[in-house]
Amino acid sequence: MVVRPANDAKKTIDTTSSSRVPNSINGIHNTATRRGQDFVHLEWKEKKKHLVNAQRVVAHMNIKICRVFCGLFLEDGIGPWFGLDSQNGKYTSAGSSRTPVSFTSLGDIGRTVASLATMLTEEIPVVVHVGGDSRSIAEIAGILESAGAGRIDIDCLP
1 MVVRPANDAK KTIDTTSSSR VPNSINGIHN TATRRGQDFV HLEWKEKKKH
51 LVNAQRVVAH MNIKICRVFC GLFLEDGIGP WFGLDSQNGK YTSAGSSRTP
101 VSFTSLGDIG RTVASLATML TEEIPVVVHV GGDSRSIAEI AGILESAGAG
151 RIDIDCLP
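Numbering-wise (full-length UniProt numbering), the sequence shown opens with residue 1 and increments by one.
Derived by calculation from the structure, the hints in this document are not laboratory data. Any given hint might turn out to be false.
[As the list claims (entries may be wrong)] When the alpha-carbon atoms are kept at most 25 Å apart in a straight line, the in silico BS3-like pairs for lysine-lysine are as follows:
| id | residue 1 | residue 2 |
| --- | --- | --- |
| 1 | Lys47 | Lys64 |
| 2 | Lys64 | Lys45 |
| 3 | Lys64 | Lys48 |
| 4 | Lys64 | Lys49 |
[Said to hold, decoys possible] Label-pair restraints from in silico Cβ distances:
| id | residue 1 | residue 2 | range |
| --- | --- | --- | --- |
| 5 | Val68 | Glu145 | 29 to 37 Å |
| 6 | Lys90 | Asn53 | 38 to 46 Å |
| 7 | Ala94 | Ile124 | 28 to 36 Å |
| 8 | His50 | Glu75 | 23 to 31 Å |
| 9 | Pro80 | Gly107 | 18 to 26 Å |
Every residue, glycine too, gets a C-beta built ideally from N, C-alpha and C.
Modelling step: build the complete structure from the supplied sequences, incorporating the hints.
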């Protein structure tokens, strides 16, 4: 596997040593928030506005809002639509290809939501992080190469 920054096709990065990042109930979102960072993206900005509006609408009702963060769906998170084109041996990573990404199966998310639905309102947390497995783009490429996908080159966008 070859990893190279997209703006410097000649520069390669060794991918032989990788570390497994343990899952955390706090998840990546809380870690970034504690460091004073925020994920700047139009979709997240709109989700934050939606939360404020939803809280305002239900403020006088007996409704509790529980946000569920689950990362990418395992069943469709690896594909060319996310820059992970295994068939053509080309992955594109936004930023470092060593940054872990959370993948969670639809079944695990469904069981979590079903479990929340059976709880008393006062027991339901405000935020739930569901994490199946955290792997970097480089790790995913290595796993798929080992499974017979062929060589996968990774370009890293700044």
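Evaluated hints:
1. Lys47 x Lys64: holds (17 Å)
2. Lys64 x Lys45: holds (21 Å)
3. Lys64 x Lys48: holds (16 Å)
4. Lys64 x Lys49: At roughly 17 Å apart (the allowed maximum being 25 Å), Lys49 and Lys64 satisfy the hint.
5. Val68 x Glu145: 29 to 37 Å: holds (33 Å)
6. Lys90 x Asn53: 38 to 46 Å: holds (40 Å)
7. Ala94 x Ile124: 28 to 36 Å: About 33 Å separates the Cβ atoms of Ala94 and Ile124, which means 28 to 36 Å holds.
8. His50 x Glu75: 23 to 31 Å: holds (25 Å)
9. Pro80 x Gly107: 18 to 26 Å: Holds: the Cβ-Cβ distance is about 24 Å, inside 18 to 26 Å.
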